[in-house]
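K.L.:
This is what each chain is made of:
There are 2 protein chains.
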Amino acid sequence: MKRYLLAPGPTPIPPEVLLAMAQPIIHHRTPEYEALFADVRRDLRLLFQCKNEVLIFAASGTGAMEGAVVNTLSAGDQVVVVRGGKFGERWAEICEAYGVRVLPVDVPYGKSVDPAAVAAALKSEPAVKAVFATHSETSTGAVHDVQAIAAIVRETPAILIVDAITSLGVMDLPMDAWGADIVVAGSQKAMMLPPGLAFAALSDRAWALVPGARLPKYYFNFTAERKAIEKNQSAYTPAVSLVVGLRESLRLILAEGLPNVFARHDRLARATRAGVQALGLELFAEHPGCACTAVKAPAGIEGGAIVKGFRQRGITIAGGQGSMRGKIFRIAHMGYVDGFDVLTALTALEFVLADLGHPVTFGEGIRAAQRILQK
Amino acid sequence: MKRYLLAPGPTPIPPEVLLAMAQPIIHHRTPEYEALFADVRRDLRLLFQCKNEVLIFAASGTGAMEGAVVNTLSAGDQVVVVRGGKFGERWAEICEAYGVRVLPVDVPYGKSVDPAAVAAALKSEPAVKAVFATHSETSTGAVHDVQAIAAIVRETPAILIVDAITSLGVMDLPMDAWGADIVVAGSQKAMMLPPGLAFAALSDRAWALVPGARLPKYYFNFTAERKAIEKNQSAYTPAVSLVVGLRESLRLILAEGLPNVFARHDRLARATRAGVQALGLELFAEHPGCACTAVKAPAGIEGGAIVKGFRQRGITIAGGQGSMRGKIFRIAHMGYVDGFDVLTALTALEFVLADLGHPVTFGEGIRAAQRILQK
Numbered sequence: 001m002k003r004y005l006l007a008p009g010p011t012p013i014p015p016e017v018l019l020a021m022a023q024p025i026i027h028h029r030t031p032e033y034e035a036l037f038a039d040v041r042r043d044l045r046l047l048f049q050c051k052n053e054v055l056i057f058a059a060s061g062t063g064a065m066e067g068a069v070v071n072t073l074s075a076g077d078q079v080v081v082v083r084g085g086k087f088g089e090r091w092a093e094i095c096e097a098y099g100v101r102v103l104p105v106d107v108p109y110g111k112s113v114d115p116a117a118v119a120a121a122l123k124s125e126p127a128v129k130a131v132f133a134t135h136s137e138t139s140t141g142a143v144h145d146v147q148a149i150a151a152i153v154r155e156t157p158a159i160l161i162v163d164a165i166t167s168l169g170v171m172d173l174p175m176d177a178w179g180a181d182i183v184v185a186g187s188q189k190a191m192m193l194p195p196g197l198a199f200a201a202l203s204d205r206a207w208a209l210v211p212g213a214r215l216p217k218y219y220f221n222f223t224a225e226r227k228a229i230e231k232n233q234s235a236y237t238p239a240v241s242l243v244v245g246l247r248e249s250l251r252l253i254l255a256e257g258l259p260n261v262f263a264r265h266d267r268l269a270r271a272t273r274a275g276v277q278a279l280g281l282e283l284f285a286e287h288p289g290c291a292c293t294a295v296k297a298p299a300g301i302e303g304g305a306i307v308k309g310f311r312q313r314g315i316t317i318a319g320g321q322g323s324m325r326g327k328i329f330r331i332a333h334m335g336y337v338d339g340f341d342v343l344t345a346l347t348a349l350e351f352v353l354a355d356l357g358h359p360v361t362f363g364e365g366i367r368a369a370q371r372i373l374q375k
Numbered sequence: 376m377k378r379y380l381l382a383p384g385p386t387p388i389p390p391e392v393l394l395a396m397a398q399p400i401i402h403h404r405t406p407e408y409e410a411l412f413a414d415v416r417r418d419l420r421l422l423f424q425c426k427n428e429v430l431i432f433a434a435s436g437t438g439a440m441e442g443a444v445v446n447t448l449s450a451g452d453q454v455v456v457v458r459g460g461k462f463g464e465r466w467a468e469i470c471e472a473y474g475v476r477v478l479p480v481d482v483p484y485g486k487s488v489d490p491a492a493v494a495a496a497l498k499s500e501p502a503v504k505a506v507f508a509t510h511s512e513t514s515t516g517a518v519h520d521v522q523a524i525a526a527i528v529r530e531t532p533a534i535l536i537v538d539a540i541t542s543l544g545v546m547d548l549p550m551d552a553w554g555a556d557i558v559v560a561g562s563q564k565a566m567m568l569p570p571g572l573a574f575a576a577l578s579d580r581a582w583a584l585v586p587g588a589r590l591p592k593y594y595f596n597f598t599a600e601r602k603a604i605e606k607n608q609s610a611y612t613p614a615v616s617l618v619v620g621l622r623e624s625l626r627l628i629l630a631e632g633l634p635n636v637f638a639r640h641d642r643l644a645r646a647t648r649a650g651v652q653a654l655g656l657e658l659f660a661e662h663p664g665c666a667c668t669a670v671k672a673p674a675g676i677e678g679g680a681i682v683k684g685f686r687q688r689g690i691t692i693a694g695g696q697g698s699m700r701g702k703i704f705r706i707a708h709m710g711y712v713d714g715f716d717v718l719t720a721l722t723a724l725e726f727v728l729a730d731l732g733h734p735v736t737f738g739e740g741i742r743a744a745q746r747i748l749q750k
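Chains as they are written, first to last, in my numbering: chain A, 1 to 375; chain B, 376 to 750.
Don't read these hints as lab results, they were simulated from the structure. Hints may contain errors.
Claimed, not checked - Covered stretches of chain B (chain A as the covering partner; in silico rule of three or more C-beta atoms under 8 Å from a C-beta of chain A):
{"#": "1", "region": "390 to 397"}
{"#": "2", "region": "541 to 553"}
{"#": "3", "region": "568 to 575"}
{"#": "4", "region": "607 to 613"}
What the hints assert, rightly or not - Derived DEER-like restraints, expressed as beta-carbon distance ranges:
{"#": "5", "chain 1": "A", "residue 1": "Gly76", "chain 2": "B", "residue 2": "Ala472", "range": "18 to 28 Å"}
{"#": "6", "chain 1": "A", "residue 1": "Ala224", "chain 2": "B", "residue 2": "Ala413", "range": "30 to 40 Å"}
{"#": "7", "chain 1": "B", "residue 1": "Lys602", "chain 2": "A", "residue 2": "Ser74", "range": "53 to 63 Å"}
{"#": "8", "chain 1": "B", "residue 1": "Pro389", "chain 2": "A", "residue 2": "Gly76", "range": "43 to 53 Å"}
{"#": "9", "chain 1": "A", "residue 1": "Gly280", "chain 2": "B", "residue 2": "Pro586", "range": "30 to 40 Å"}
{"#": "10", "chain 1": "A", "residue 1": "Arg29", "chain 2": "B", "residue 2": "Arg476", "range": "31 to 41 Å"}
{"#": "11", "chain 1": "B", "residue 1": "Arg378", "chain 2": "A", "residue 2": "Pro126", "range": "54 to 64 Å"}
{"#": "12", "chain 1": "A", "residue 1": "Asp204", "chain 2": "B", "residue 2": "Ala495", "range": "49 to 59 Å"}
{"#": "13", "chain 1": "A", "residue 1": "Ala75", "chain 2": "B", "residue 2": "Leu629", "range": "43 to 53 Å"}
Given the structure is predicted, the values throughout are model-derived calculations rather than measurements. All C-beta atoms in this analysis are idealised placements derived from N, C-alpha and C, irrespective of residue type, glycine included.
For reference, chain A alone in the conformation it holds in the complex (with noise of 0.2 Å):
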């Protein structure tokens, strides 16, 4: 069976990144590495729109996140954490683990966060270190708006650190314009790679609180990161091959356009949430995102049954988590996808609401969405 992967992570590869990534091996302290490697530290700038080293970890994209926290903060220091889904609550689990006292801002599943919301927060607790947030909250299909969260932390001394594990490449997220502080970012996102890459980037501001951090650490340790990668290096051996296909997938978003890229992200979730739609369905995002859809199971079908059908017509996609499992399928449009593909999630959903016995005409979805994408 010809199979189709659109699940929010791992996303399909592009051919030419698997077979830059099939190469035999190279080593990490060769001239030949040491050029690539240069080449992506240009390249992931300009991803990550900073100018400052964009930090590469081998692991996923969680130890990026927790690096954030214990490299800026220490045990006992204050923080707010926006917590409108599974990994809203991630930021707050790794803070609590390491002792730092989490003021959360609670967010219902599907909705996102009010803004006014988190300056309250920052006002009953002055002396706030870090505010943390999540760009495109995967386990609900929601984007929380950064840049006015970014403009309220900027006028106190916190600072602003945001998971854009799903965000970076699907959507805006100017990060020194818009005084995001640290951007967290994985590999098996939009940067069209498999998982076991993970990227953490730091304004001036969040570095200048890094010498003060108490925090133990070693593995995720930031200084000693930046100070191998001035030097062209890692701080411990690279994940080499992604990093090899890191320099191809970069190549093919830079080549695309940044602009052109989140053009295509906003297109294709357009005419998903159209194509759901037109189907009778009601999306579970209040402002959804442009990484993937999450869709109201109709009354009377289990999400899981959705994402089976899926399956057996040779679909990857995925279901809900946690309290939301069941409830909800979620339909990723991101990386290296392109209007067919949500084409042909759409036709898919038709055939697996028809299996399970939920009225549909055939084509209204797809309708729907071929109106958005012609344009």
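With chain A's structure known, arrange chain B on it following the hints.
P.N.:
Leaving out everything else, chain B in the frame of chain A:
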């Protein structure tokens, strides 16, 4: 120019493994991945020669080393660390980063620890919680007698934590039989994979320490990872492509058979040693291991010039690290390597020494190695 990789990690990757990793990526929450992952878990236990699950992390080996520390210890705990090179020193650095008190057992570079020195350290400090050792100290080429150390540690309440990053799959390390309590490994050595996977296997004695360990952790939380792996999953997104490659490389290793794999590495190491000695060069390690051969640069020749000479002939070997820089060079022979690779290295060594004005009779090193390899 045709290229050869004979450095101590990354090591060459078999084409079967490269091609497996070049397949379109699959999602980690699918029946297909779960079947593959079950195979990997079973085969890893065979490779580690242990009954408990082997935990897998998306990280360099150093990440699993940190995990071994933070999951078994608390700040202020007393440990003994065998330091005989860069990697023994790393154990101490990690412990110190977390406020663990280190009693070092220092061994001059190139020497192997006298197990009696470990026994003496344990006697001098009765509250020792853990002993840290390095099976194969890659920076010096020395092997340490883990079996003897384990026999000593087993008579005390301490656990033995072993860095087997360049020994697993090279030299026999029957973890359960010897009583090693934690064995840490990495993908880019004898496992014949790119860097990016780290492994840790724990004995029941080691697991018994985990609930009481107060050091903070999140990404390298062994309890969370064990809970996930027992459900055939990973706590965070696994490095899918590397796990796919791992299934192939484990198949290759187990098809060759562990005793044959160890015998091959022993033969290659003996051939390399015989070859360099026949050229009048001296080994750096008193008790050299089978992963890589560290050789003293001959008087008047800088070690870096030898590494550079190899590079100009298409071969990547390694120089010395830290204070050994310039004084030694290291030829690795682990993983996807056979006798012809060793002969290639020795041929190149003859060329390079001659280029650098060192007296060489062509064929002397090769012949000495051939005598060992023919058997």
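K.L.:
If a hint holds in the structure, say so; if it does not, say that too.
P.N.:
Now the hints, each set against the structure:
With 4 residues having a beta carbon nearer than 8 Å to a beta carbon of chain A, the region 390 to 397 of chain B meets the requirement of three or more and the stated coverage holds. Closer than 8 Å: that is the beta-carbon criterion, and the region 541 to 553 of chain B has 0 residues meeting it against chain A, so the requirement of 3 is violated. Only residues whose C-beta sits within less than 8 Å of a C-beta in chain A count toward coverage, and the region 568 to 575 of chain B has 3 of them, enough to reach three; the restraint holds. For the region 607 to 613 of chain B, the stated coverage by chain A holds: 3 residues have a C-beta nearer than 8 Å to a C-beta of that chain, and at least 3 were required.
Our hint of 18 to 28 Å for Gly76/A and Ala472/B holds, since their Cβ atoms are close to 19 Å apart. At about 37 Å, the beta-carbon gap between Ala224/A and Ala413/B stays in the expected band of 30 to 40 Å. Our hint of 53 to 63 Å for Lys602/B and Ser74/A is violated, since their Cβ atoms are close to 29 Å apart. Between Pro389/B and Gly76/A the beta carbon distance is about 51 Å. The supplied range of 43 to 53 Å therefore holds.
The hint said 30 to 40 Å for the Cβ distance between Gly280/A and Pro586/B, and at roughly 51 Å that hint is violated. The supplied range of 31 to 41 Å is met by Arg29/A and Arg476/B, whose beta-carbon atoms lie about 34 Å from each other. A hinted range of 54 to 64 Å for the beta carbons of Arg378/B and Pro126/A is consistent with their spacing of about 59 Å. For the pair Asp204/A and Ala495/B, the supplied restraint of 49 to 59 Å holds, since their beta-carbon distance comes to about 50 Å.
Separation of Ala75/A from Leu629/B is about 46 Å and conforms to the stated range, judged on CB atoms against 43 to 53 Å.
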